[in-house]
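Let the hints inform the model, and build the full structure from the sequences given.
Chains as they are written, first to last, in this note's numbering: chain A, 1 to 490; chain R, 1001 to 1308.
No wet-lab data here; the hints were simulated from the structure. Hints are not guaranteed to be accurate.
[Said to hold, decoys possible] No farther apart than 20 Å at their CA atoms in a straight line, the calculated lysine to aspartate or glutamate pairs in the DMTMM-like style are these:
1) Lys1239(R) <-> Asp24(A)
2) Lys1074(R) <-> Asp1138(R)
3) Lys435(A) <-> Asp1190(R)
4) Lys1027(R) <-> Glu249(A)
5) Lys337(A) <-> Glu1045(R)
6) Lys1027(R) <-> Asp1190(R)
7) Lys1069(R) <-> Asp1308(R)
8) Lys438(A) <-> Glu1028(R)
9) Lys445(A) <-> Asp434(A)
10) Lys58(A) <-> Asp24(A)
11) Lys1040(R) <-> Asp12(A)
12) Lys441(A) <-> Glu415(A)
13) Lys7(A) <-> Glu1274(R)
14) Lys1103(R) <-> Glu1157(R)
15) Lys435(A) <-> Glu1023(R)
16) Lys7(A) <-> Glu415(A)
17) Lys80(A) <-> Asp93(A)
18) Lys7(A) <-> Glu1236(R)
19) Lys1293(R) <-> Asp1138(R)
20) Lys337(A) <-> Glu1028(R)
21) Lys1039(R) <-> Glu489(A)
22) Lys1027(R) <-> Asp434(A)
23) Lys1039(R) <-> Asp24(A)
24) Lys458(A) <-> Glu1028(R)
25) Lys337(A) <-> Glu111(A)
26) Lys148(A) <-> Glu489(A)
27) Lys337(A) <-> Glu1041(R)
28) Lys458(A) <-> Glu1023(R)
[Stated by the list, open to error] Computed list of chain A residues with no C-beta within reach of chain R, every gap over 12 Å:
29) Asn11
30) Gly214
31) Asn421
All C-beta atoms, glycine included, are put in the ideal place defined by N, C-alpha and C.
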Amino acid sequence: MSTDSTKLAFNDGWQYAPAPESTDHIQIDDHYGLFINGEFVAPEIDRYFESINPATEKPLSNIALASEKDVDRAVKAARKAYTGVWSKMSGADRGKYLFRIARIMQERAREFATIESLDGGKPIRESRDIDIPLAAAHFFYYAGWADKLEYAFPARTPVSLGVVGQIIPWNFPLLMAAWKIAPALACGNTVVLKPAETTSLTAMKLAEVFRDAGLPPGVVNIVTGAGPTGAAIVNHLDVNKVAFTGSTEVGKIIQRSLAGTDKKYTLELGGKAANIIFADAAIDEAVEGIVNGIFFNQGHVCCAGSRLLVQESVADEVVRKLRDRMETLIIGDPLDKNTDIGAINSAGQLETIESYLSIGQAEGAEMYQSDCSVPDQGYWCRPTIFTGVSQSNRIVQEEIFGPVLAIQTFRTLEEGLTKANNTPYGLSGGVWTDKGSKVFKMTQKIRAGVIWANTFNKFDPTSPFGGYKESGVGREGGMHGLGAYLKLEA
Amino acid sequence: MSIAAVPNDVRMPDMSQVALVDEVGVKERAARFQTRSIKKESKIEALQMVLSMIDLTTLEGMDTPGKVKQLCQKAIHLHDAVPDLPHVAAVCVYPTMVGVAKKALGDHNINVASVATAFPSGMAPRQIKLEETRIAVDDGADEIDMVISRGAFLQGEYGFVFDEIAAIKEACGKAHLKVILETGELGTLDRVRRASVLAMHAGADFIKTSTGKIQPAATLPVTLVMLQAIRDFYYETGKMIGMKPAGGISNSKLAIHYLVMLRETLGSAWMTPEWYRFGASSLANDVLMQLQKQATGVYQSADYFSKD
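Following this line, the structure appears as structure tokens:
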């Protein structure tokens, strides 16, 4: 193993000049109303909240705060559209609308990517190459299912549910909207969707797409606001199903309030995934997988590989290479095409992350952060790893939702497996080994909904996604995702 | 692969311990470098760096002293219309042209590199390869670009290949040795990694992808695997080894992405002609055109740039 004398130097010499994506081509209004019954309307009570750019802390727009009455209007519009139009329409015709929406999203991809990065802080490379194309892909995928539902469930008659209430998080705003809306519409339901309060803008742009696609009024309604608006959707008596993606804490509240009702629900909640590196893995590619696992989207990923379990004989090598790789990560302006790590989504989230950095150090773990400079304005967190952590540490047990990795070692496969499963969560996991048999052995025994082998954080509309244990209930995506939006009658 | 960092201590590495490569992951990482957007002053700096790292090459059966002299002239005077351009790192020729090149380059501080060891196939007995190397060095070659015996390597005769590289290294004397792996014939990235490790332990000063005579020549994934091998060798021994992708890099944008990959894999210490070269013949003019465009805002006709 090497010493400081063989440390590689990444921060001097040739540097990349700023390469910011232009904002000339986008239009953000000063105020956004609610999208109800195919129109942008003012909220019943004249209340708006600011949406800010987390990279500059400057306001971008004012978003309507939907009250219980607004939610009621939205649900009524959705019910009317459901009984009057959408539930009667043929699957083929519903599919046509979905295809049209997907195509318009592709045409406006650059605009969506730029706004997503402005509003949420994620690097433009990710919004441009991952979020937006994948969001369009979900509409394309479910458009194809709209007229083939009976083939997805042989010998059963699939029937739509009615009005579905959907509440989505701030980490992948447009993508989560697509995950939720596309299958719901393909299955013949109508929608009331609430984006997260820090990232409403692309949802409002998506509303423009629905309008431009000629989607019948009321089929999708978008109400903006914070927790109380979400609660109003969950508790509305005329909502038939609730789909929520967000924290386990809020998920539990929702599950409690749904107990005793006949509403169906799917919950996609937190995670604390283990990325397990065996000594016989291709180490350089595994290191890349660790980086993609925890530093993708600033670690604001429910399925992030936030725990690294590395076999002890290669632990020093992996940590050394990881540190060198971290030095090459560029943190800064989300709109710069070379930025790898953007801004933390909100002041509140930054506070949470920083409190965990203190907790980790207080628990005795050794913290390492890369050397890169961060801007003065905005919310930033350098890529961070903790070594010398134990299974009982809070930074190992609790979801941090930031670019913070807890590193542990293991000796035997069984030890690695035990540590991987020893958490209340079970959303995802990663296994790195050159040996196929070991991949199968591990993937069968890790209790998590998604497990990647020799890769991490790969998403595709055809693949189901969802959690075990406190990571959630139900599956979204793929054919399984259809079942969440249908009653299957004999 | 625990070889002590003693100079000239050449010992065969344990080939069963060579790091594994995951091809899917390597390709994904290589593609990621190509998403870097290099603009403005960083682009100009990169283009100048590329020029200074070029081994201007002519390796044709129909090469003549006249052609080699012209190439040397180009090496010294890349494009005098643009002031303050660097000169290329070296001129790369066949052994019979070393004397001509040496004379033509005079004291301009441009190295003469000679291919040797029955380039490009390497299909000759060892004593002939050694003799050819000695002749090229005696005629004044500063650098020797040898090819490995791919047949032996693919048969698993690692010892044979190792001994051959070590013997050529000895024959090089003061001349630097670049070892061409001819990755287009190795088939897998695991073999590329293994050949890199073998060459470095046997005494290579540089490892080089290709002869340029076989397709595919240099690619980003292959070069990444070799850079990773160089990095791990440096971690272990503290010894820096140079890298030369050769063949197939004919435009500026791609060359810049090779530099991005170098920067983010080995860091700034490698970003000089001492440690990194491009083996190319047509790349220089494309870089010159780009530099001219950066200066004037418009592209000029290719006829304004000398073709040698």
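Status of the hints after comparison with the structure:
Distance restraint check for Lys1239(R) and Asp24(A): the Cα-Cα separation of roughly 50 Å exceeds the 20 Å cut-off, and the hinted pair is therefore not satisfied. Taking the CA atoms of Lys1074(R) and Asp1138(R), the gap is about 25 Å. The hint is violated against a cut of 20 Å. At roughly 15 Å between alpha-carbon atoms, Lys435(A) and Asp1190(R) fall within 20 Å of each other, so this suggested pair holds. A threshold of 20 Å between alpha carbons decides the hint, and for Lys1027(R) with Glu249(A) the separation of about 39 Å lies outside it, so the pair is violated.
About 19 Å separates the Cα atoms of Lys337(A) and Glu1045(R), which keeps this hinted pair within 20 Å; it holds. About 13 Å separates the Cα atoms of Lys1027(R) and Asp1190(R), which keeps this hinted pair within 20 Å; it holds. Between Lys1069(R) and Asp1308(R) the CA atoms are separated by roughly 9 Å; this keeps the pair inside 20 Å, and the hint holds. About 23 Å separates the Cα atoms of Lys438(A) and Glu1028(R), which puts this hinted pair outside 20 Å; it is violated.
At roughly 18 Å between alpha-carbon atoms, Lys445(A) and Asp434(A) fall within 20 Å of each other, so this suggested pair holds. The hinted pair formed by Lys58(A) and Asp24(A) meets the criterion: a straight-line CA distance of about 18 Å does not exceed 20 Å. Restraint check: the Cα-Cα separation between Lys1040(R) and Asp12(A) comes to about 18 Å, which is no more than 20 Å; the hinted pair holds. For the hint pairing Lys441(A) with Glu415(A), the CA-to-CA distance comes to about 14 Å; that is within 20 Å, so the pair holds.
The straight-line distance between the Cα atoms of Lys7(A) and Glu1274(R) is roughly 19 Å, inside the 20 Å bound, and the hint therefore holds. Restraint check for Lys1103(R) and Glu1157(R): not satisfied, since their Cα atoms lie roughly 40 Å apart, outside the 20 Å limit. Of the supplied pair hints, the one linking Lys435(A) and Glu1023(R) holds, its CA atoms being roughly 14 Å apart against a limit of 20 Å. Between Lys7(A) and Glu415(A) the alpha-carbon distance is near 32 Å, which puts this suggested pair outside the 20 Å criterion.
A hinted pair counts as satisfied when its Cα atoms are at most 20 Å apart, and Lys80(A) with Asp93(A) qualifies at roughly 18 Å. For a cut-off of 20 Å, the pair hint linking Lys7(A) to Glu1236(R) stands: about 11 Å separates their Cα positions. Straight-line distance between C-alpha atoms of Lys1293(R) and Asp1138(R) comes to about 42 Å, which puts the hinted pair past the 20 Å bound. Simply put, Lys337(A) and Glu1028(R) have alpha-carbon atoms about 18 Å apart, close enough for the 20 Å limit, and the pair holds.
Restraint check: the Cα-Cα separation between Lys1039(R) and Glu489(A) comes to about 60 Å, which exceeds 20 Å; the hinted pair is violated. For the given pair, Lys1027(R) sits about 17 Å from Asp434(A) by alpha-carbon distance, which is consistent with the 20 Å threshold. Simply put, Lys1039(R) and Asp24(A) have alpha-carbon atoms about 19 Å apart, close enough for the 20 Å limit, and the pair holds. For the suggested pair Lys458(A) and Glu1028(R), the alpha carbons sit about 12 Å apart, so the restraint of at most 20 Å is met.
Simply put, Lys337(A) and Glu111(A) have alpha-carbon atoms about 15 Å apart, close enough for the 20 Å limit, and the pair holds. Under the criterion of a C-alpha separation no larger than 20 Å, the hint pairing Lys148(A) with Glu489(A) is consistent with the structure, at around 16 Å. Note on Lys337(A) and Glu1041(R): the hinted pairing holds, with a Cα-Cα distance of about 16 Å set against a maximum of 20 Å. Proposed proximity of Lys458(A) and Glu1023(R) is supported: the alpha carbons are some 16 Å apart, at most 20 Å.
At roughly 8 Å from the closest C-beta of chain R, the C-beta of Asn11(A) falls inside 12 Å, breaking its exclusion from the interface. Residue placement check: Gly214(A) keeps its beta carbon more than 12 Å from all beta carbons of chain R (closest about 36 Å). At the 12 Å boundary, the C-beta of Asn421(A) stays outside the reach of chain R, the nearest C-beta of that chain being 25 Å off.
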